[in-house]
Amino acid sequence: MFLTNSTLGKVVRAQVRFKINAYMGALLSLIFVQLIGLLFSTNGSSTRGTSVNNIQIQVITISNDLVFVFVAIWALFVGNLITTRAYRYDDFSFVTTRLSSNLANILVLLMISIFAGVTTFLSNNVLRVYLSIFGSTEYTKSPGVFDEPFSSIGTMLVITLLILSLSSGGYLAGMLIQNSRLFLLVIPIIVLSILTTEIGQTLIQILFMNESTWLLIVNLIFMTIVFFGIAIAISNRLEVRA
Amino acid sequence: MTVIMAFIPILLILLFSWFIRIGMKNLSKRIILTKGLAKGIILSYISVLFLAVVVYEFLPDNSEEVITLNELEKLENENQVFDEAFRKNEVSKLKNDFLVEEWTHEVEGDTLHVVTSNSDYLTAKVYVEWTDSKEQQVEGKVYRTNIFIYGMNMKDRIPFSKVKWEENQLIIEEPTKQEFKYYRFSNNLALFTINDILPSIESGRVQGETYVYLKVPKHINVVDEMGLQLY
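Taken in sequence, the protein lines are chains A and B.
Each residue of the first sequence is one higher than the one before, counting from 3 in this note's numbering.
Each residue of the second sequence is one higher than the one before, counting from 3 in this note's numbering.
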């Protein structure tokens, strides 16, 4: 018999609030990673050249691609990090179940991914301003956020979902490794197989290279749900704290 | 070899992850961040990002006009209509907006030479319309169609072929070699270029050309010494 009865929602909410404060370092490392990405982006993500009437035209495109690559690695790392024993033991400060702990982790990863997605997208503007003012090369006034609001929101959404799916992948990998150290060997083999085999390439094409963005969004959501679902199922098999 | 190449990005990712992990460990030992300081850094960063969005909007537009994909298609269409009209000698359909210059030139004798500064190809399209006039005057019009490279208006930026007279020679001069370099900022990830999230004009290109329309009296011979194609 307890003096207060707590619902799953209340427990999850309390855990999320605690974890957001506790994982502030993850956000700081994200900022650090984005700044490194921006530094590498100053030379441009791609260069195009053409020649017309004896005139050479070179256009250096500055986009979010490099920042995104760095953030993607960070997302995998963060997803994995919160499954480690030290982080899991933090949950024992609360009256908690495996389910509430997982739900809180998922919500925190979702919030962090939204933050990472929006800031990754906006970080390009810092480079725009810097290169426009201090750069020696001429620039073209490309469309900004206000010029392409729907496209910008769409891009932010996709970046966020990509980051979330990667962090869910990291989370699943972390759970598997916590379950058995054998996965430290198995996971890299699976990843390499996907990247180097024909079946793996086909799978990547089906998941990411769609004609429609909406299909990409659906695929990413589906992938994230599957990864988190498997992670929740696996976490129930973890040992209790000694 | 390709298998080895496939491993390189993975190794780089692992190296980078390791680098971040070690770096963050060292940093956390040396710098003790209070909750307030961490929040301050995050809020400052967000403020800088939003400020950059606003500042960028107010930056002066020192570049060529950037247009949308639909407008680009319209311009391409205008060029095609002009080219077709030019080839078919439908003078009334030649858009006056494309007219750059108009002149008359008095030719001495009965031969007009068309020469180009480029030895490989004619850098302008030339159409010769024969007239029944008994005079020595050659009328000419020079047109220049829309030119957009990677979605940027280059019409005034790129010098087109110039047409000049030297006695009985009509010389089509190619511009001197120049190089232009631009930064272009993109909201999109290259990763999405295959998806419809990128209705991109970044790869859009409308190839403009210089057209020379000549009205030459029938008794004057037009000699194209380089064997170049005249319409």
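Among the clues, some could well be false.
[Stated by the list, open to error] Here are a few chain A residues that face chain B, going by a calculated C-beta distance under 8 Å:
{"id": "1", "residue": "T9"}
{"id": "2", "residue": "E140"}
{"id": "3", "residue": "P145"}
[Said to hold, decoys possible] Calculated lysine-lysine pairs in the DSSO-like style (CA-CA distance at most 30 Å, straight line):
{"id": "4", "chain 1": "B", "residue 1": "K127", "chain 2": "B", "residue 2": "K37"}
{"id": "5", "chain 1": "B", "residue 1": "K220", "chain 2": "A", "residue 2": "K12"}
{"id": "6", "chain 1": "A", "residue 1": "K12", "chain 2": "B", "residue 2": "K41"}
No wet-lab data here; the hints were simulated from the structure.
These numbers come from a predicted model, not from an experiment.
Cβ coordinates follow ideal geometry from the N, Cα and C atoms, glycine included.
Hint check:
Because the beta carbon of T9 of chain A sits about 28 Å from the nearest beta carbon in chain B, more than 8 Å, this interface hint is broken. Below 8 Å, beta-carbon pairs count as interface contacts, and E140 of chain A has one with chain B at about 5 Å; its hint therefore holds. Because the smallest distance between the Cβ of P145 of chain A and any Cβ of chain B comes to about 7 Å, under 8 Å, the interface hint for this residue holds. A threshold of 30 Å between alpha carbons decides the hint, and for K127 of chain B with K37 of chain B the separation of about 70 Å lies outside it, so the pair is violated.
The hinted pair formed by K220 of chain B and K12 of chain A fails the criterion: a straight-line CA distance of about 95 Å is larger than 30 Å. Distance hint between K12 of chain A and K41 of chain B is fulfilled; the C-alpha atoms sit about 25 Å from each other, no more than 30 Å.
In summary, the structure is inconsistent with hints 1, 4 and 5 from the numbered list given earlier, while agreeing with the others.
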